[in-house]
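As a plain string of letters, each chain reads:
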Amino acid sequence: MWTEWTIAIRLLREGRVQSLLIIVGIAVGVAVIVFITALISGLQANTIRRTLGTQAHVRVEPPDEVNRIAPAAPGVVQLVLEDRRAQRLRSIRDWQQVRDTLERLPGVVAVSPIVSGPAFARRGSARNSIALIGADPARYVRVVPIHENLIAGAFRVGAGDATIGRGLADELGVRVGDKIRIDAGEGATAVVNVAGIFELGVRELDERYVFVDLKQAQSLLDLPGGVTVIDVTVEEIFGAADIAARISRLTGLKAESWMQTNSQLLNALSAQSLSAAMIGFFVAVSVAFAIASVLSISVVQHTREIGILRAMGATQPTMLRVFLLQGAVFGLLGSTAGVLLGLALLLAFDTFGPRLFEVPVEPGLLFAAIALATLTGTVSAAVPARRAARLDPVAAIRYV
Amino acid sequence: MSDVQDESVLRLVGLRKSYGVGTPVETEVLHGIDLTLGRRDFAALVGPSGSGKSTLLNLIGLLDRPTSGELYLLGRPTRDLDDAARTALRASAIGFVFQFHHLIEGFTALENVLMPLMLARGRPDAATVAWARELLESVGLGGFADRRPGELSGGQQQRVAVARALVTRPALLLADEPTGNLDTRSAQGVFELFRRFNAELGCAVLLVTHDPRLAEACDRTISLVDGRIVSDSPNRRLVSPRSP
Ligand SMILES: Nc1ncnc2c1ncn2[C@@H]1O[C@H](COP(=O)(O)OP(=O)(O)OP(=O)(O)O)[C@@H](O)[C@H]1O
Ligand SMILES: [Mg+2]
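As they're listed, the protein sequences go chains F and C.
Just so it is clear: in the first sequence, position 155 is 278 by this note's numbering, and no numbers are missing.
Just so it is clear: in the second sequence, position 165 is 1174 by this note's numbering, and no numbers are missing.
Just chain F, same shape as in the assembly (with noise of 0.2 angstroms):
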């Protein structure tokens, strides 16, 4: 192998502007590959983290309420005119029982029972509608880390203390501090004082959410001792959807995955990564065909050069990796360049571009880059090699 090495690489070092401007279009379709796979990936997950941020993996709730319809007696024909019931706010039955499965299941990582339902808040002649959310910070914050978005104050609920969001502070003009007035309805009303304030970035979420001790909720809503919901955080994000349904088939409840409140979004991102994948493909395409062409006229250049070498006792093989050599070789270092124009890119990126998101930089990627166009630079260089080895010493040596 030393000698085929030997040729390959002093046949590269002749035709040398031949050679840098191959690695010079290599390098710039695998530093395009590499940098448009580290964005999409980076955009992904900064999505996906985002998205993840303000919602719960899974939402475990009671399922709906539907009409009981008598079977008709066998022979008998039935017409249903269904008026479909509204579904009313209600507990998940025995929902202590369920939340202790739920936190024995595997995958799951953190369970959260929540009372959730419409409210007003008021101060003074202002009036907004809210989501009354009766939750114990120390479970919440595994699901929504709300603690972590604290503009003001303390994530504290309980003994009159409520944690409302930055839209509804700015609304109402209430600070920490500040005292608001909670109306469920139905003459059910509580003044809790403002001890936090959150701002999670999404606008329903701050202008909605007000978060108070569960009791409360439980108190304001009517429901002694329920629960509407139980959010799990699960540990494999993408496993979401397959918990959800083991959750349903286990506690007969809805049990509904942030895959499929979000499919939408998982579909988008679906796209952009299959679009991604096809540039880097027909890229890589291309690349291919530069290598096989410049191979192919370094063949023809070298014609007499082959024949000598056969003449002087290079076998047919000998040819051949001589030739698949050169096509690994500018693989190889194009690749290598193409990787370290990429991860520039990248940086230049982080450094001076949007700043929205960071793109993370994988060592694997770019390893898998290297192998990969040292592998696609062997494989198109076949056919000028089988070119080389099957040409006629004869004719090889007469041509000039």
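Since the hints were derived computationally from the structure, they do not count as laboratory data.
Only a predicted model underlies this, so the values are computations on that prediction, with no experimental measurement involved.
Quick reminder that beta carbons are idealized off the backbone N, C-alpha and C, glycines included.
Treat each hint with caution, since some may be false.
[Claimed, not checked] Ranges between beta-carbon positions, derived for each pair:
| no. | chain 1 | residue 1 | chain 2 | residue 2 | range |
| --- | --- | --- | --- | --- | --- |
| 1 | C | 1093 | F | 390 | 49 to 59 angstroms |
| 2 | F | 401 | C | 1135 | 49 to 59 angstroms |
| 3 | C | 1037 | F | 139 | 40 to 50 angstroms |
| 4 | F | 401 | C | 1037 | 50 to 60 angstroms |
| 5 | F | 513 | C | 1027 | 17 to 27 angstroms |
| 6 | C | 1210 | F | 124 | 26 to 36 angstroms |
| 7 | C | 1156 | F | 398 | 50 to 60 angstroms |
| 8 | F | 124 | C | 1135 | 44 to 54 angstroms |
| 9 | C | 1156 | F | 140 | 35 to 45 angstroms |
[Stated by the list, open to error] To list a few chain F residues with every Cβ distance to chain C over 12 angstroms, as calculated:
| no. | residue |
| --- | --- |
| 10 | 133 |
| 11 | 264 |
| 12 | 271 |
| 13 | 430 |
| 14 | 521 |
Keeping the supplied structure of chain F fixed, place chain C with the ligands upon it in accordance with the hints.
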């Protein structure tokens, strides 16, 4: 190589070669060549242009295959050898010198000389390199080992090519108009190398030449006309002083 009983390096039996086999323009170029070359023979192959000298040399060098007939190299029949076996036999038994020196660009003179051994055995060891240097020295190019082909004159390149052909200590040296491209003095120099290596290394030489004086200086002259050997005789002038 020396374990072969046969005293001949080369034996051709009814060798024929046609070009364009299977096409309407099929033409036979060699019409049944019978020829034997001894182990220390120094023979000139002469003949008018187009008579088939290069064709014959390519067949002998196992670069090409005869249409029919048999070719024994070192007593071994070669017709049924596959490409790998032919290449191996060629690499060990034959040295080539072509009309155009045909060194490989990108390699120094020394590396060019080493090339046949590198192809056969891989990275050369110190003894091999020393042997190649010795050969370069003996063709008068000891100081040019690290020059590239482009930095050598035509005659120097041809002498490098001679050293390269001899580096494997071949039993048979084939030269196709090795001096055709050189001025008289360089041609004489290269020819003397052949003579010396024939005597010192004991390799048989088959030399194609258009130069009657060079042919005269060989021990034997084989004439090829229109693909047939028309005469094959020792050159009296040089035979007498050499015979014991
Ligand atoms: N590849 C080929 N295809 C067809 N015909 C060929 C081929 N090579 C040689 N010939 C023909 O074979 C004949 C012998 O050619 P060859 O090259 O052996 O002659 P030569 O004796 O070496 O001539 P010269 O002294 O000019 O080198 C010529 O008529 C030539 O046209
Ligand atoms: Mg010729």
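Evaluation of the provided hints:
A C-beta distance of roughly 57 angstroms is found between residue 1093/C and residue 390/F, which places it inside the suggested range of 49 to 59 angstroms. A hinted range of 49 to 59 angstroms for the beta carbons of residue 401/F and residue 1135/C is consistent with their spacing of about 55 angstroms. Between residue 1037/C and residue 139/F the beta carbon distance is about 46 angstroms. The supplied range of 40 to 50 angstroms therefore holds. Separation of residue 401/F from residue 1037/C is about 58 angstroms and conforms to the stated range, judged on CB atoms against 50 to 60 angstroms.
For residue 513/F and residue 1027/C, the Cβ-Cβ distance of about 21 angstroms falls inside the hinted range of 17 to 27 angstroms, so the restraint holds. For the hinted restraint 26 to 36 angstroms between residue 1210/C and residue 124/F, the CB-CB distance of approximately 31 angstroms keeps it satisfied. Against the hinted window of 50 to 60 angstroms, the Cβ-Cβ separation of residue 1156/C and residue 398/F comes to about 56 angstroms, which satisfies the hint. Hint check: residue 124/F to residue 1135/C, Cβ distance near 20 angstroms, so the stated range 44 to 54 angstroms is violated.
A hinted range of 35 to 45 angstroms is violated for the C-beta pair residue 1156/C and residue 140/F, which are about 23 angstroms apart. In this structure residue 133/F is not separated from chain C by more than 12 angstroms, as the shortest Cβ-Cβ distance comes to only about 4 angstroms. At the 12 angstroms boundary, the C-beta of residue 264/F stays outside the reach of chain C, the nearest C-beta of that chain being 66 angstroms off. At roughly 63 angstroms, the least C-beta separation between residue 271/F and chain C is larger than 12 angstroms, which holds for a residue marked as non-interface.
Not every beta carbon of chain C lies more than 12 angstroms from that of residue 430/F, the smallest distance being close to 8 angstroms; the non-interface claim is violated. Remark: the non-interface label on residue 521/F conflicts with the geometry, its nearest Cβ contact in chain C lying 8 angstroms away (cut-off 12 angstroms).
Checked against the numbered hints listed earlier, the structure breaks hints 8, 9, 10, 13 and 14; every other hint is satisfied.
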